[in-house]
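Protein chains in written order, with the numbering used here: chain G, 1 to 800; chain Z, 1 to 161.
Since the hints were made in silico from the structure, they are not lab data.
Note that beta-carbon positions come from the ideal geometry of N, C-alpha and C, so glycine has one too.
Be aware that one or more of the hints could be misleading.
[What the hints assert, rightly or not] Chain G regions said to be covered by chain Z (calculated; three or more residues, Cβ under 8 Å):
#1 21 to 29
#2 226 to 233
#3 688 to 699
#4 711 to 718
#5 724 to 736
[Stated by the list, open to error] Within a straight-line C-alpha distance of at most 25 Å, the following computed DMTMM-like cross-link-like pairs (lysine to aspartate or glutamate) qualify:
#6 G/Lys101 with G/Glu165
#7 G/Lys36 with Z/Asp40
#8 G/Lys36 with Z/Asp18
#9 G/Lys36 with Z/Asp2
#10 G/Lys36 with Z/Glu19
#11 G/Lys112 with G/Asp96
#12 G/Lys36 with Z/Asp118
#13 G/Lys578 with G/Glu611
#14 G/Lys36 with G/Asp544
#15 G/Lys112 with G/Glu129
#16 G/Lys250 with G/Asp81
#17 G/Lys101 with G/Asp164
#18 G/Lys250 with G/Asp217
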Amino acid sequence: MLDNLPANPTGIGASILRKEDRRFLTGRGNYVADLKRPGMTFGVFVRSPHAHASLGAIDTEAARVVPGVLAVLTGADLAADEVGGIPCGWGITGRDGQPMKEPAHPALALGKVRYVGDAVAFVVAETAEAARQAADVVEVAYDVLPSVVNVLDAVRPDAPVLFDEAPGNLCCDWEMGDRAAVDAAFAGAAHVARLSLVNNRLVGNPMEPRAAVAEYDPAGDRTTLWTTSQFPHVVRLLMGNFVLKIPQHKLRVVAPDVGGGFGVKQFHYAEEAVVTWAARRLGRAVKWVCERSEGFISDAHGRDHVTEAEMALDETGKFLALRVSTLANMGGYLSTFGPNIPTNLYAPLLAGVYTTPAIHCEVKCVFTNTVPVDAYRGAGRPEATFVLERLVDVCAAELGMDRIAIRRRNMITADAYPYQTPVMVQYDSGDPVGCMDRALEIADWAGFPARREAAARRGVYRGIGISTYIEACGLAPSRIAIRLGARGGLYESAAIRVHPTGHVTALMGTHSHGQGHETTFAQIVSEKLGVPVENVDIVFGDTDRVQFGMGTYGSRSLVVGGTALSKAADKIILKGRKIAAHQMEAAIDDVVFEGGTFRVAGTDRTRSFEEISLSAYVPADFPLEILEPGLEEQAFYDPVNFTYPGGAHIAEVEIDRETGSVRLVSYVAVDDVGTVINPMIVAGQLHGGIVQGVGQALCENAAYDEGSGQLVAGSFMDYCMPRADMMPRMHVETHNTRCSHTDLGTKGCGEMGTIGSPAAVTNAIVNALSGLGITHVDMPASPNRIWRVMQTAQLPQAAE
Amino acid sequence: MDLMLEVNGQTVRASAPDETLLVDFLRDTLGLTGTHVGCDTSQCGACVVHVDGRAVKSCTMLAASADGSRVLTIEGLAATTGGNDLHPMQRAFHENHGLQCGFCTPGMVMTAVAYAADHAAPDEADVRAALEGNLCRCTGYQNIVASVIAGAAAMHAGKEA
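Put together the whole structure using the sequences plus the hints.
Rendered as structure tokens:
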């Protein structure tokens, strides 16, 4: 465990209350939908009602004559203006050495529509109501084609083909690991356990729908886009450079308060480009606010895998090799990170917390007539964890081993770090056994049989399940990521501006959309520079104010951005020591900085941080001949490795025998997040992540109709979001080991809840039903699904 | 039509098309953008305001229906306790980390205030049931539930004595 007792009341380890709360609590948040600009107009997209169709004539005449309508724009107008397609940010390479198939993705459809929701036209009017009325009368001629929404159907030889250049709907046939070693291990194995599963498609649904406002200022030839984005600099780069060809210095992208992201807002969307293009064309500000049901058919979705997995074991339950084959749905076009998620963020996590010596994973990325699929909280890692942790339970059941014993038998012990897995990654630190033991204790795993018996007397099935997991945060280093297909860097940036009074503004290349970074990062500054958090403001989300940064996703903000911030603070301290050394006539090496004071070591000669800050800007007693005035430093940090948070989650459920409804009755999480900056915020991140994972396990499912390609779960009426009454009180705590390569020892915590929970809950459900001979249940465990499973199960056998 | 109503203690006279929803009237006509729109099916509760003291999803009500009513939004909540500081429920959300991205927060707080007015000491299950009309995607609800319990206690603290 780390000794995190804070010496500084607002420094690292303090559960201080959040600096950003007040504006949100009083209705003074500043979200994109709240923006008004002079002369602002309103845009509405016309979207395809068909999953797959040839696009005929688009008759815009009726729409153009609706009073107040200013423009009705189509793909042909985009083409005439030489607007580029929406780029993909990752280019993966197949096992045959060939690059993935990367068909053009026009911002408004050209020639064909490929999913229900594909945008075909954009109507701009003086009022939102006029734009909506006009959008309703845009006449689009569709020649409907057969469609395919399911990956299993999409790879069949007779499946409808979305893109001529991608026969068989195959974007990429990818692999990782040593196939020969795995085959050899399977050939000699005493036992092989197999599992087929589906990882259900999800819609991220941040509570704030996406929105964009764009404006063009001809006086300065400047374009501004306000957008609901997790990474405004990347939007500026992708949209400015590839789509609209606006020079970077002439384009400002602002992501103000953003109401949740979860990955959904970490892509460059066609709508951002169309709104900006329309604003420049019209010379008027244009606003578009996505409606929720529109978001269901235009926000990138998550997950959607079909997987076959096999584990080879020896007679003692030792894992010898793991073989995984996955079909991953890409949807109708490649979204920004789409092909990276089920490949580079999936296969490397298949070792989990186990010593499995040989692993091979093949993934076919498949186009279908569905909304593009991309990262959603966890992004590849929940899918890998679900495969592995479900399969481990199947192994235990088939060998007649205890589920904890088989994990313990195969787990990487704390003394084995750094640990090189057979799937690329090297874990730097961790203690999965410690996390598991603590979770077992809190959850009273040993006392479960009595609880099951008591439940049985009440006529309900009760089950307990565990998921032990590791994940990878802060994808890095850039050099390796670029070799794997990244088309950008994965560093992060921070700048610290110390004002003459010693107050601090820190400018971060990351974003914050619920994570509390205005507080967490201020605590790091407070810790490093010895100033109270009230004297620190964190600025982010505006490309005109902040140096280039990659934004917030993949639990990277603290581990990559926070390390950059720490390094920038170190530069401030070094410069401060130089100034202090000059003033106190000491050698720089003799000046130490502790608790906000520069001191000549071993003496009582000191200068306060405020005095040095003032001297930097009023350089009367200042070494001007060797040092520039001012006190402002910047750091870009490119990590040497991922970070590897992990933990153990235990869920307990009860199942109604008559209705199949599953009630989650207990949830325990013990996680290793490395150094904790703010325990209150970490617990909040875990709570939220766990419930999103529980949502996947119990109720969320972005179901498509196989025949029509319609998204049938297309609103909050049909797509079941977790509500307050679905959850018991969770117990979360941390069991931390220090990350060896981030300056502060942090590992990140944004996604772990979503990664650990689906398998924990599903393992509990299967455990509850094990007496019926049930060995696997796909997610979500809706009452309907569980009831059917129970009806078709064998007669009750001996309980576990 | 022409409307006259009280919003956050101020008399408002304004004109709006008949079909204007109360939420759009508050946001677009009055510029009170603290009330949010998170869905289009009256499921999420981000738009909850008080109309004549009752919690209402302002996306389900026409502005015209609020004619002559007293409307309270998140912007006016703190002032109802007499000071410029936070309302006890707002403070409870702050102290219990009951918000993350802040988007659902105004609706959550307004729902919680109306509920707590009649429930001084609710238990956890009561609060979870009372929040069934409000979605949050960030917090997993745990700290919201704690906030509502603490806020209810704080709202009634003065009344006991």
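_Hint compliance check: list the failing hint numbers for this structure, sorted ascending._
2, 11, 12, 15
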